[in-house]
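Those protein sequences? They're chains A and B, same order as listed. Its first residue numbered 1, the first sequence is counted upward by one per residue in my numbering. Its first residue numbered 1001, the second sequence is counted upward by one per residue in my numbering.
Since the hints were made in silico from the structure, they are not lab data. For glycine and all other residues, C-beta sits at the position ideal for the given N, C-alpha and C.
To give a feel for the contact side, a few chain B residues facing chain A, derived at Cβ under 8 Å:
#1 Pro1011
#2 Ser1071
#3 Ser1076
#4 Ala1162
Protein chains: 2
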Amino acid sequence: MNVVVAQSGGPTAVINASLLGVYRAARQWPQVDIVFGSLNGIEGILNDRLVNLNEQLDTDEQQTLLRQTPSAALRSCRYKLPAVEKDPAVYETIRATLEKHDIGAFFYIGGNDSMDTVDKLSTYFASVGSPICVMGVPKTIDNDLCLMDHTPGYGSAAKFVATAMWEMIRDCTVYELDSVLIVEIMGRDTGWLTAAAALPRLFGCDAPHLVYLPEVDFSAEQFLEDLREAQKKSRTVIVAVSEGVELEGLDDFQSGKVDTFGHKYLSGIGKCLEELVRDRIGCKVRSVELNILQRCAAHIASETDLEEAEQLGAVAVQAAAVGETGQVSAIVSRGDGYTPLYDIVSVREVANKVKYVPRQWINEAGNDVLPEALNYIQPLIMGEPVVLTENGLARHFIIKE
Amino acid sequence: MNVVVAQSGGPTAVINASLLGVYRAARQWPQVDIVFGSLNGIEGILNDRLVNLNEQLDTDEQQTLLRQTPSAALRSCRYKLPAVEKDPAVYETIRATLEKHDIGAFFYIGGNDSMDTVDKLSTYFASVGSPICVMGVPKTIDNDLCLMDHTPGYGSAAKFVATAMWEMIRDCTVYELDSVLIVEIMGRDTGWLTAAAALPRLFGCDAPHLVYLPEVDFSAEQFLEDLREAQKKSRTVIVAVSEGVELEGLDDFQSGKVDTFGHKYLSGIGKCLEELVRDRIGCKVRSVELNILQRCAAHIASETDLEEAEQLGAVAVQAAAVGETGQVSAIVSRGDGYTPLYDIVSVREVANKVKYVPRQWINEAGNDVLPEALNYIQPLIMGEPVVLTENGLARHFIIKE
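When you get a sec, could you build the whole thing from the sequences and use the hints?
What follows is the structure, encoded as structure tokens:
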């Protein structure tokens, strides 16, 4: 018997650590001969583009390089599986490819949308009496999957955001003049990553002075009032704002395109607030969009996150080995002193649902996060991996077709 | 006798390593009692805001923290010293403060504009028969100071740019669709830092596919033609462009404010090209502005750069100890196998002049850099410093007033 693994959705710094976790655990599974990788997520199964990972991950060095390479080594897709009633042929094609390669289990590493695929496929296989297991392995920098203490990918993204914020605080506080720095951070619907921008507080630092999460309503006038208040205490005011924060009445600044999954592509709240401050307050102002580095900055990955991502790959394989399907591996809670507790949970309870930052972790005024949030995030960014370098840069694993 | 050191201009990741180099060498200078730090550059001397660094850099731990802290621990200024004929009182004030504190030498760590201050002040002190030495210590991520092989700050900025580009290449090549990524990199007049974006070529990588430096004229039509050509070979095309590249006829996109030193604040070429690609080519396109992290990302600093920055501080002090003034420490050339050669050079030959990327390091079409450029940059990004951390973040040195 063989197994296949694929990656989907937006990249993270540790999605390849989960791939490594699946690979290593599958090689320990006595019934398994070949671990296949499907290129471009589920599309690789639809198009029969599988690579034999046994050949490419044979050595310790190859495995180490895979672990330290950001983004998806097997590449990704944004393909949304149609409902089986609408397009049964797609399901038949997937089944045919898997049976052709004697696949007993399919592991899908991805976020919310990929979990929807795991749910649909596992339900389909059960309905047609196929023994193929379908298991999810979570990943998302957004940290918005339900039933989980946190998701792999988040810790590393949070470490990058906190590090960047901590360094930019140093950068922006050197001049004797009134200035505002606005830092726009990823997070369409939830403010988990933006909350990480407040981690410099753990050093007793006042900055960032204002933190806006999409969990709370936002208004331009209240923002200006908050800013003027903050300027009374600090000549440099630093603002962290989630890309998901929407400015009512200023839609022209923000694009409203809709992607395959019905999400809005949000961009520009930082630039938008920059213009607002320039117009209405008139001091020096700059906006910084941390952009895609948030999800791919493996050079500042959290070792904790890498270890957990790898372990979650293994947990999914071990569950499949005892016949589980339609489940996703998860860190369901944390023990005292921070001990991640692993389990599997029903993918249906995870797919298409969103976990928000608790309102009680945000201050009453809705312009800052409370120590509870920082205490939650801090253990997730701990540790620095040892990295193999060449020419002063990290070496990367590149898949061969 | 005492000495004073100050920092000026835009931050870098290693300007504090130079401060440490000045401090350590000055403490070795038998005649020196106190090493003062002037807060906010030359303004701290004008306003008599000096701090006793002996008290704050007493321990190895304090010194280690200073070295790993980005930006200017003594803060900065953008103050431009007027010509002595125009405002002799300013010079008298500076002299009075220095004499009050028994200062025998003033060390100014900064870029082109700070070197102008060193030149004017040293000339003034000589003209009035004052024995106070004024020495420059170079720093600029722009790498544009004349008479130097390279400048400290550049290597770390180049390492960040190359690392970010290398990771973003992984991020952007996972989907099966035509897309363009445009990365805007700092450099008002010169393309040194943008050239570093091409370092992933050392791994045999095709990306970035197009590299535009301000040393070469740029036209929107030629850019679109270059891009269409590149798209024939790669579905994902990655473009590195210097902020200093100007798009003729599209000035409305770019702000034209002028700062104290007569430089244009340039921003927006990346966003401008993004709009152009969306309008004229129509594929998925994204622009990323690396922004201020380029100059403050100490978490990915080059150890080579840190060591050189520290040594340049020491060289300036050692020169002052033998009576030099109006000079700046410099890495004037490199020996075989990359050995930095230190010396001092006349600050007048450095101030207000600009060193450009040689035209012969840029391809004939003006849309890429040649291996000569990569061979020049690569040794400067080598090595990773050991960093003291707490809570998963680097600890920083914060000056006490």
